[in-house]
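In order, the protein sequences belong to chains A and B.
This note's numbering numbers the first residue of the first sequence as 1 and each following residue consecutively.
This note's numbering numbers the first residue of the second sequence as 1 and each following residue consecutively.
Keep in mind that the hints were calculated from the coordinates and are not lab data.
Take the hints with a grain of salt, since some may be wrong.
The following label-pair restraints were derived from C-beta to C-beta distances [unchecked claim]: (1) T86(B) to G240(A): 25 to 33 angstroms; (2) E101(B) to E226(A): 46 to 54 angstroms; (3) P194(B) to Y394(A): 32 to 40 angstroms; (4) E234(A) to Y394(B): 51 to 59 angstroms; (5) G209(A) to K103(B): 51 to 59 angstroms.
A short, non-exhaustive set of chain B residues, derived as facing chain A with CB atoms under 8 angstroms [unchecked claim]: (6) N4; (7) T154; (8) D211; (9) A323.
Note that beta-carbon positions come from the ideal geometry of N, C-alpha and C, so glycine has one too.
2 protein chains.
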Amino acid sequence: MNINVPEVKVPRIVIVGCGFGGMELAQQLRNAEVQIVLLDKHNYHTFQPLLYQIATAGLEADSIAYPIRKIFKGQKNFYFRMGEVTQILAGENKLITNIGELKYDHLVIATGSTTNFFGNTDFESQAMPMKSVTEALNLRSLILQNFERALLTTDVHEREALMTFVVVGGGPTGVELAGAICELKKHVLPNDYPELDFRKMRVILVENGPDLLASMCPENRTKAKEYLEELGAEVWLNTGLAKYNGMLAETKNGKQLRTLNLVWAAGVKGVIIDGLGAECVNQRGRIIIDEYCKVKGYQNISAIGDVATMSCEKYPNGHPQVAPVAIQQAQLWAHNYLRGIKQQAAVKFDYFDKGSMSTVGRNKAVVEVGKIRFGGFLGWFTWMALHLMLLVGYRNKIVVFINWVWNYLNYDRNIRLIIRPFSRKET
Amino acid sequence: MNINVPEVKVPRIVIVGCGFGGMELAQQLRNAEVQIVLLDKHNYHTFQPLLYQIATAGLEADSIAYPIRKIFKGQKNFYFRMGEVTQILAGENKLITNIGELKYDHLVIATGSTTNFFGNTDFESQAMPMKSVTEALNLRSLILQNFERALLTTDVHEREALMTFVVVGGGPTGVELAGAICELKKHVLPNDYPELDFRKMRVILVENGPDLLASMCPENRTKAKEYLEELGAEVWLNTGLAKYNGMLAETKNGKQLRTLNLVWAAGVKGVIIDGLGAECVNQRGRIIIDEYCKVKGYQNISAIGDVATMSCEKYPNGHPQVAPVAIQQAQLWAHNYLRGIKQQAAVKFDYFDKGSMSTVGRNKAVVEVGKIRFGGFLGWFTWMALHLMLLVGYRNKIVVFINWVWNYLNYDRNIRLIIRPFSRKET
């Protein structure tokens, strides 16, 4: 059965995924003579850079999730359908989804990325991922549940495992999450659990490579490590994780750790939909696109953002998987589409890198914009201001701002709620 | 195994449940020479009067749930353990819980109430209850999911069922929920679903008795009905629900309704723990207590709040199941406990009724305080101010206030998020 969408004479552009890329593209095309059908398995856009604050009880989900229908209120050529695409039938210009089939004239895949366990089923079944709102809420529940359990046990080893946090992966997510857990340890949890000895709580960040934040400049990499250590984290560089059975983690160089809290932030892969040729997807699970965002071998199928990889002179292995790339690719796609209608030649993608930043804790962040580098309070303040600007919706900006001011002044994280207890069986 | 709580020489008072009653009691005893152990299956206190705003996307869960450990931060004689009590072994002064056993010197049951389906398993399996945060979140998801489904179907009957909302029970919860759904219909959903015909959306409040808000004065009962009808609800008085199979509802007087959204707010019963004698529990599932809140036949077991019922001259069938009764009974219990230590005689419970109020929609509420009655904007404003005052925590007050101002000015409900889709199988 077909998905119930009006049949119109203008071309139908189907966008799969309402992350930064999909959202931007649908907005860019608001005045175009097209029918836009956006599909997403959720009815909200997720502001992913702040997921770690959901996980660490600093923000509630509604602050960083925004209803898709509200974003596009009043846009006449826009149709949203909540559903999950299971297959592309490129020969018939058709998608198969869990809510029916859908024809397209142009298809833009903007499904983003998900956690990559690199095929290790032990990690997959035992480690906590943090790439969606639900996963972040599960992690929050687990952290709080484990402290409740730590109070109940009289077994020293079990308590040690319950109070040991291992974050695998020293990219921005791993660094920010490890920093936020350290702040919980320093300012919040000792108030909640005066019966526990917090000298026994450990936060360990494990990174395969020789540096944290490998995409930043050397001085910021070092600074991030210093910040984390000041906050009480242990940073283990050049350390890969070999095994984890849900209780005992073992690194490749033979160190063992008892932990019931292991977060996997060590890699992502594209969210691939079945049906594209195998030659379109690289070994990192990303769709190979040309400099116009078109998928290799297809005229009317494109991909943008985290799910896609484009090789160019400056970025031979593809651009970084960050929001600005997705947004700029969406803008390029819309621009080229409109040029195409006017019989103008398409322009190639040219990524404008506005810089990058990462926050570790209060008054601790690293920022680089071109040759300019700074950190400390100014970096942290810049990080906050920018994230507030980028958040969708004024109410969300206000609520997040209040939470941040509140947490800053009170050294607090208010949202220490176990609304849905996490249980490994259920997921 | 015993729950891990320090063994001390002072009497141990175990409180089960951190609703309004249990929370107040633990606070009242903060300076007493006792050890307080509070058990609750959640790690948060729920401000139940605003659950309907969670369900109708007006507020997020964190605004009305408050971490128990934070409430009691710094209280030296207080111990919280997250767990569910499964049995009372009164002969041994002991509780059995899912986290171990616990001895008590005094036991205070403050477990509150839950939805009463009066033994009808069809209603129980098919109707939506709304007595906990999770249930309210499930209801929110269901409402939004059903509108997404309404867009997808081409079957007129199915769409009708998806867009028909039946609320059973004309007490405060039913009235407030029906009013809030009407406001979604009027101001919010048509923006989200311009493709649907909202003249087809129905909100029906079904009440067994001859009046809404039976506990209020006749003029306010009438006014509440008028308010609801102005907002577009149908109010069916003197109408009991006979059957509901998940799709078709039938009233006792033979009316049929296709609906996939049926909310049961037609009754509550006490949350009873096994182990008390059958003679202690009445046919409405409430524990019979004397005028000192002691459970019939036990010297060191008391019950307070919704779970308890006390017969007295003014309230021969027990007090209303509202927060002020629970709070005043908690205060009485603490007062009598302290008097007992000083060998003073216990005093009897004397409920001071501060009045009652109920809100239907913007600028629409009914208030009565003794002989004073008012409604309209003033009633609505009073309702808001009082609820803000009663909410636990300043951050919550601020966030709720901002949401209310925002929603009022923008005719909006921002939190239209399906974070965890509701599926009947899972629950």
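The hints, checked one at a time:
1. T86(B) to G240(A): 25 to 33 angstroms: violated, 45 angstroms
2. E101(B) to E226(A): 46 to 54 angstroms: holds, 48 angstroms
3. P194(B) to Y394(A): 32 to 40 angstroms: Given range 32 to 40 angstroms: violated, Cβ gap about 22 angstroms.
4. E234(A) to Y394(B): 51 to 59 angstroms: With Cβ atoms ~36 angstroms apart, the hint is violated.
5. G209(A) to K103(B): 51 to 59 angstroms: holds, 54 angstroms
6. N4: holds, 5 angstroms
7. T154: Where the cut-off is 8 angstroms and the nearest Cβ of chain A is about 6 angstroms from T154(B), the hint holds.
8. D211: Constraint on D211(B) not satisfied, violated at 36 angstroms.
9. A323: violated, 20 angstroms
The structure fails to meet hints 1, 3, 4, 8, 9 from the earlier list, while all remaining hints are met.
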